[in-house]
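Enquirer: Listed in order, the protein sequences are those of chains A and B.
Residue numbering for the first sequence follows the numbering used here, beginning at 42 and increasing consecutively.
Residue numbering for the second sequence follows the numbering used here, beginning at 997 and increasing consecutively.
Worth flagging that the hints you see were computed from the coordinates, not collected in a lab.
A few of these clues could be false.
Derived lysine-lysine pairs resembling DSSO-like cross-links, with alpha carbons at most 27 Å apart [what the hints assert, rightly or not]:
(1) K1088/B with K111/A
(2) K1088/B with K1225/B
(3) K1155/B with K111/A
(4) K1122/B with K111/A
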Amino acid sequence: MKRSTVLTEKNRGTWATVFAGLILLPVVLSVLKPLWAAEPEVFLEDPDARWEACLRDAEYMRYRHMDLLKEARSDVIRSGLKGGITLAGCGDCHHNRDQFCDRCHEKASVSLDCWGCHYYLTESELQDLEEHDGGGE
Amino acid sequence: MDRRGFLKKSGAVVAGASGVLSLPVLSSCAGEAAEVPSTLAGTKWGMVIDLTRCREGCTACMDACRQENNVAFHGDRRWDVHWIRKATLHPKDESAGLEEKEVILLCNQCDDPPCAMVCPVQATYKREDGIVLVDHHRCIGCRYCMIACPYNARFFNWKENPDWPNKGYPRRSHGVAESCHFCAHLIDGGGRPACVEACRREGEEALVFGDLNDPESEVSRLVAGGGTKRIREDFGTQPKVYYLGL
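Chain A with its partners taken away, still in its complex shape:
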């Protein structure tokens, strides 16, 4: 059998390092990414928000908003308890779904199917509505 001239007994260690490096590259990149990635833009809410205070602080909402929503969901559906948090109620302050929901979910590759059934304004719809309102006055 012909022996390989590329992979020999001597340079086996080098090749092993190259392969290990290739495999670990994505991990290393994702760990180091915050060093050069831009800070996410802060999305400023509409100042004419109906609610005076936020439900929870931003840090809590960032990681636990789905728990709040699921709890509220079972309250409403299973126990008929109204008056709590609703998905549509989010839109009272956060008028723009593209900014408030979709931007982060897209970034985190989380696919939602909320909007198949629940209504929440997207940016284009909001603009249409504003133009429509402006024309009507």
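Fit chain B to the known structure of chain A by using the hints.
Expert: Chain B only, in chain A's frame:
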């Protein structure tokens, strides 16, 4: 120490440690499972349909239901969903003096609902106030409830609903089963079902809605007055929709 002894001891240490470490996790789970107090217990919603007052050709209740609940209408009977509909009963024997009759059909809101009994994921269930409804987040679209329902009151969303007249209420995505739920969202807000309101607006009172547990309510008085029938009482499903003039 021999190998057997070592394995035994290390196993005991790992089991003990994991037990102690998982205690806080387990206790926090137990705390979350606390029952939410429901405000529904005590009432038992029911409906009386007075067919003698139902005008022939009037579709007010059906239109109102579609508008309120975003019920899918594709214009094709294979895919259309009906929460409330009218069916014409043809007499088997015309010599008996019976005439054709239009009957309003909707989910009978059984007290012992077969649809909820067979649902493999408890998506269909009976609330404490007796309303049978579907948690569409949970429905897997197996259509077992449609087979179980003896009244053909359940429908399946074969397609995405193209219309969305009432943006304040969710529509259903394709692949879930559904039926009338007495407009539970309106009842919880202190209102009455959309079909009942529509019938009133038409100047008729063919649909009467109320609490069957309250002896003073109109439905209770109508039921107590006699002459009401329920469809196929022999099934033992105990419907909460009563008919006058059937």
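Enquirer: All the hints need checking, so say for each whether the structure fits it.
Expert: Cross-check of the supplied hints:
At roughly 52 Å between alpha-carbon atoms, K1088/B and K111/A are farther apart than 27 Å, so this suggested pair is violated. For a cut-off of 27 Å, the pair hint linking K1088/B to K1225/B stands: about 20 Å separates their Cα positions. For a cut-off of 27 Å, the pair hint linking K1155/B to K111/A stands: about 26 Å separates their Cα positions. A hinted pair counts as satisfied when its Cα atoms are at most 27 Å apart, and K1122/B with K111/A qualifies at roughly 20 Å.
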